[in-house]
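Taken in order, these protein sequences are the chains called A and B.
All residue numbers for the first sequence refer to the working numbering, where the first residue is 1 and numbers rise by one.
All residue numbers for the second sequence refer to the working numbering, where the first residue is 243 and numbers rise by one.
Accuracy of the hints is not assured; some may be wrong.
To be verified - Not everything, but these chain A residues come out facing chain B in the computed CB check (under 8 Å):
1. 10
2. 100
3. 135
4. 153
By construction, these hints were calculated from the structure, which means they are not laboratory data.
Fair warning: this is a prediction, and the values are worked out from it, not measured in the lab.
Just so it is clear, CB atoms sit at the ideal spot from N, CA and C, and this is done for glycine as well.
Listed here are the chains, written in short residue letters.
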Amino acid sequence: MIKIENVSKWYGNFQVLTDCTTNVEKGEVVVVCGPSGSGKSTLIKCVNGLEPIQQGKIVVNGTQVNDLRTDLPKLRAHVGMVFQHFELFPHMSITQNLAIGQVKVLGRSQDEAMERGLRLLDRVGLKAHANKFPGELSGGQQQRVAIARALSMDPICMLFDEPTSALDPEMINEVLDVMVELAKEGMTMMVVTHEMGFARKVANRVVFMDQGQIVEDATKDDFFGQPRSDRAQQFLSKILNH
Amino acid sequence: MLGTLDFSVIPLAMPAILKGLWFSLELTVIAMIGGVILGTLLALARLSGGKFIGGAAKVYVDLMRSIPLLMMILWFFFLIPFVTGQPIGQNKSAIITFTLFQAAFYSEIMRAGIQSIPRGQVNAALAIGMTYWQTMGYVVLPQAFRNMVLVLLTQTFILFQDTSLVYAIGATDLLKAAENAGMLYGRTVEMYLFVSVIYFAICFSLSMFVKYMNKRIAIIR
Chain A
1 MIKIENVSKW YGNFQVLTDC TTNVEKGEVV VVCGPSGSGK STLIKCVNGL
51 EPIQQGKIVV NGTQVNDLRT DLPKLRAHVG MVFQHFELFP HMSITQNLAI
101 GQVKVLGRSQ DEAMERGLRL LDRVGLKAHA NKFPGELSGG QQQRVAIARA
151 LSMDPICMLF DEPTSALDPE MINEVLDVMV ELAKEGMTMM VVTHEMGFAR
201 KVANRVVFMD QGQIVEDATK DDFFGQPRSD RAQQFLSKIL NH
Chain B
243 MLGTLDFSVI PLAMPAILKG LWFSLELTVI AMIGGVILGT LLALARLSGG
293 KFIGGAAKVY VDLMRSIPLL MMILWFFFLI PFVTGQPIGQ NKSAIITFTL
343 FQAAFYSEIM RAGIQSIPRG QVNAALAIGM TYWQTMGYVV LPQAFRNMVL
393 VLLTQTFILF QDTSLVYAIG ATDLLKAAEN AGMLYGRTVE MYLFVSVIYF
443 AICFSLSMFV KYMNKRIAII R
């Protein structure tokens, strides 16, 4: 579903990604972790072309992302993305947030979009908040709405860019629960996160990045059992032993 | 001194004054709407990152902002007939000049407004498949507008007051109409006082309205 081949990226002279190669198969959940500044958020933003790459190739569902002829809006419409800071549109109500993409991008009728939006809102447990504005919801609630917004576009896969790192600890689980449920339903997911509990529960594979490189790309059991690289071992011991 | 003032000329002068006021308002409203649209396009051009289009917009804005409005008014009035071969009249000339001039100022305000919207909002809009123009139209500009509405309207007050400069090409705005009436009836001081009151009443009530609107459309954060 998502193929990342020998991807390199520079900001000016500074190389942020070096020869990254990995892939996410249909129905697979791949967790990308690593210390901050390791390039994991940059890599996931390259998958739907929010960040351009200078070398290599990214193919999503058979379409090459880094090809100038690719209709990026069309591709992105079916690749859901959830951001660290939620990024709901603050000037729109929750229902408008859920409907706008469906109406303006997919061309659905307002009624159809509203109905589908409300159904998804119910699914993330926030139906009662339909007419509120994002600023009136807690961080965890906003992030659940953001997930519902991405789902409203009928995505073929979902990208999560540190979805819980801007949340207060007591709100992390309500978001992770929604993600776990989604994974169990067979959604293809690429998730940048430090939540190792989530990785253990639902990940098929774990990709570990450091200094712009993919240092380790292993099945969940291999990764948590015996990471091959020293750096991954150090990282794991740091975040698991406290 | 005040005892010698005679305000009985005001009703007599009223029809002429209202006509002048109407033109001032017409000029303000058209230049505001046209200026905001053109200014927003200029701001988008400058933020586009395109070397030519961004550079051209920058030159336009810098040029317009460094030339006095009075000079622009005169320039346009004499330049347009020279280019098109026929005069278009004081009023139309003034409307075009004001729109082009105000666009430069509004564009700087809109540029600041657009830059105040976090990059993440743009990414979120693009990520659900919106095109550049949809992203701007539904996500960025509505928020930029709300953030900047006070500054935009402050600029519009200045624009309204500056309409008095059209006397230079013989157009009749509020101030000119009052001046003419003052001369006609020999009551210049009274007319200047009266017209000041009108300027104040309009600007003050508008600023009250702006404050009220600003509260109503503010984004809940």
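These are the hints, each one checked on the structure:
no.	hint	verdict
1	10	violated, 17 Å
2	100	holds, 6 Å
3	135	holds, 4 Å
4	153	holds, 6 Å
Hint compliance for this structure: hint 1 alone is broken.
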